[in-house]
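Enquirer: The chain contents come next:
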Amino acid sequence: MSTTGKWILCLVYALLLVGLACPWQKVGEPVYLGFLPAPMFYLILVQLGFVGVAGYLAFFTRFHGRIEDEEDFLRGLKKEVRR
Amino acid sequence: MNPTIVYVGVALYTLVCFAIGLWGFGKARRPTMEDFFLGGRSLGLFFVLCATWSTLFSAFSYIGLPGAYYRSGISFFGITGNIVLNAACMYFIGSRMWAVGKKFGFINATDLFAERYRSSAVCVIATIVSVASLLPYLGLQIRGAGLTLQGVTKDMISFETGLIYITLVVLVYVVLGGFRSVIYNDVVQAVIMLVGMIGATWAIVEKVGGGFGGVIEKAAAINPALTQFPGPANIWSPMMVLTTCMVIGMGGFAWPQISQRMYATRSMKTVKTLAVIFPISALFVNIPPVFLGLAGRIQYPDLKNADLVFPMMMNDLLSPTMAVIILLAILAAIMSTVSGMILSISSILVRDVWIRFFDPKGGTAERMATVSRVVTVLVVAGSLAFVIWGPKTLVGLLIEASGPIMLQVLVVLAGGLYWRRATKAGAIVSMLASEAFLVLLWTKTITMPALGIHNGVWAMLLGVVLYVGVSLATQPPPEEVVRKFFDLYDEPAGAPARADAK
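Chains Y and S supply the protein sequences, listed in that same order.
My numbering puts the first sequence at residues 1 to 83.
My numbering puts the second sequence at residues 1 to 502.
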């Protein structure tokens, strides 16, 4: 993953962290979508936002570098053990 | 509760636990230490998800959480954000732990410290901190289990009987089958917990409010602040929500029984997928208590002890069969947490104390498995003795501050995996100073400006500053150590543009 990409992801994570701290503190609708109070609804959305970012990182980037080639890594370990 | 249904239900559940324990024993007739503590590093996604889920969620989810929502209304829901920080740690730290664990055979975070920092001192400090943080907490869980059983069965099961029953059942299946028994029991326990939580919520909410929306509307009619932030007591300011999430979520990942699961998984893909789906699965145990707490507020508006709200509704509003399912769910929640803790503390003591200092050659696989089993029994006895007879102030502090204490270790763990320049001096100074600072804050010897920041985060900030400062001021770690760890991740020089998307 490029340096710019990592900075953008840091920014997204920072924004989501702010979301976790719930800036909608004064939202007062008692029921949203028929069963959730609005602040809970927003917090669940923020949590799903984290899941989205984690999913992108996990399945579409090489954040952890060469060990992302897991099969190569495990094959290398087997060779070492044999030696 | 009907005594016959209670005894039959508990007996059946106990038989299942023992059967799994025996099966685990048969599966690993001649277990190595790695097998006893990590099940041969072969955990697939479903099992690691159930195990992490059931270990992280204890009886607190059934007793403490509805009580917290009873008092604070939905404002307490902000704290559930800790799960995404826990999952972030799984992704960023857990994936790398899996790789170094696979390559170097680590069993705990503490033996990673010994290798990464080339220092027994770092390992010993982390060991003392981990055991000191977990041992009293384990004793409290077992003691709390006795009290919970006594409370929810209205003295049908006495405190002593409950305590002895839970201790014996968990000990038998942990000692018999080690990690395998714990994991397979975790799966059964996760299913019971999920069925119990969702079933009870559905039934109680229907009876009290005529549905989920009805409960919210009735609670808002009692006090509108119950359905708003920052809640009736005005406690949950944005900064307090965020920093408490950091302490519980990140400190919770550093707990050995959670971080150790990263070593036990079959592949890195499993760890990464776990990080993605764990926050979603956690919602199933984090949302129902909101409705249980608010339904309790409607049903019993003036309870003095809010933690009794769920046991009371269970006895008053649910059918005898459903009440027993909930009782089993609470038992399952306690046992899954306790068994994970027992196994983790034992592994730390065997690997980082027994082998490192008393038996460096390690002996045969059978001998180490026997040592592991003996240590497991001693851990349970020690934790109970400490909680029952230990100095009250110290016990109270260690239990209350268990998450914040481990948060300080997380700094050294994350730094060791991500920062080449991190040194053993930085790690030692950071852990000692931040833990000492935490104690001073907790005992109110020092107070920080009232910014609504959790004490654990103040201590962590000091730890990070010292970790970086002392590391930069001391000799860099040997090049061979840096290469040993970071060559695993570094893309080869001149690697093509595959550094981005796959």
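I should point out that these hints are in silico values taken from the structure, not numbers from a laboratory.
Please note: incorrect hints may appear among the correct ones.
As the list claims (entries may be wrong) - Here are the computed lysine-lysine pairs in the DSSO-like style, where the Cα-Cα straight-line distance is at most 30 Å:
#, chain 1, residue 1, chain 2, residue 2
1, Y, 79, S, 154
2, Y, 78, S, 361
3, Y, 6, S, 484
4, S, 269, S, 154
5, S, 444, S, 269
6, Y, 78, S, 444
7, S, 484, Y, 79
8, S, 103, Y, 79
9, S, 103, S, 304
10, S, 103, S, 207
11, Y, 6, S, 269
12, S, 444, S, 103
Said to hold, decoys possible - Simulated restraints, written as ranges between beta carbons of each label pair:
#, chain 1, residue 1, chain 2, residue 2, range
13, S, 452, Y, 56, 29 to 37 Å
14, Y, 24, S, 128, 21 to 29 Å
15, S, 315, Y, 56, 40 to 48 Å
16, Y, 79, S, 280, 34 to 42 Å
17, Y, 75, S, 198, 19 to 27 Å
18, S, 284, Y, 14, 39 to 47 Å
19, S, 269, Y, 8, 21 to 29 Å
Keep in mind it's a predicted model, so treat the numbers as computed, not measured.
All residues carry an ideal CB built from backbone N, CA and C; glycine is no exception.
Enquirer: For every hint, state whether the structure bears it out.
Expert: Evaluation of the provided hints:
Restraint check for residue 79/Y and residue 154/S: the C-alpha separation of about 61 Å exceeds 30 Å, so the hint is violated. Of the pairs offered as hints, the one joining residue 78/Y and residue 361/S holds, with about 24 Å between alpha carbons and a cut-off of 30 Å not exceeded. Restraint check for residue 6/Y and residue 484/S: the C-alpha separation of about 24 Å stays at or below 30 Å, so the hint holds. Taking the CA atoms of residue 269/S and residue 154/S, the gap is near 47 Å; set against the 30 Å cutoff, the hint is violated.
Only pairs whose Cα atoms come within 30 Å are accepted, and residue 444/S paired with residue 269/S is rejected, the gap being roughly 44 Å. Simply put, residue 78/Y and residue 444/S have alpha-carbon atoms about 54 Å apart, too far for the 30 Å limit, and the pair is violated. Proximity of residue 484/S to residue 79/Y is assessed by CA-CA distance (about 17 Å); at most 30 Å being required, the pair is judged to hold. Our distance criterion of 30 Å between C-alpha atoms is met by residue 103/S and residue 79/Y, whose separation comes to about 12 Å.
The hinted pair formed by residue 103/S and residue 304/S fails the criterion: a straight-line CA distance of about 54 Å is larger than 30 Å. Note on residue 103/S and residue 207/S: the hinted pairing is violated, with a Cα-Cα distance of about 55 Å set against a maximum of 30 Å. This hinted pair checks out: residue 6/Y and residue 269/S have alpha carbons roughly 20 Å apart, not beyond 30 Å. With a C-alpha separation of about 44 Å, the suggested pair residue 444/S and residue 103/S falls outside the 30 Å cut-off, and the hint is violated.
In this structure the supplied range 29 to 37 Å holds for residue 452/S paired with residue 56/Y, their Cβ-Cβ distance being about 32 Å. About 43 Å separates the C-beta atoms of residue 24/Y and residue 128/S, a value inconsistent with the hinted range of 21 to 29 Å. Between residue 315/S and residue 56/Y, the C-beta spacing of about 47 Å keeps the proposed range 40 to 48 Å intact. For the pair residue 79/Y and residue 280/S, the supplied restraint of 34 to 42 Å holds, since their beta-carbon distance comes to about 38 Å.
Between residue 75/Y and residue 198/S the CB atoms are about 43 Å apart, so this pair departs from the stated range of 19 to 27 Å. Range check, residue 284/S to residue 14/Y: Cβ separation about 28 Å, and the 39 to 47 Å hint is violated. The hinted window of 21 to 29 Å between residue 269/S and residue 8/Y holds, with their beta carbons roughly 24 Å apart.
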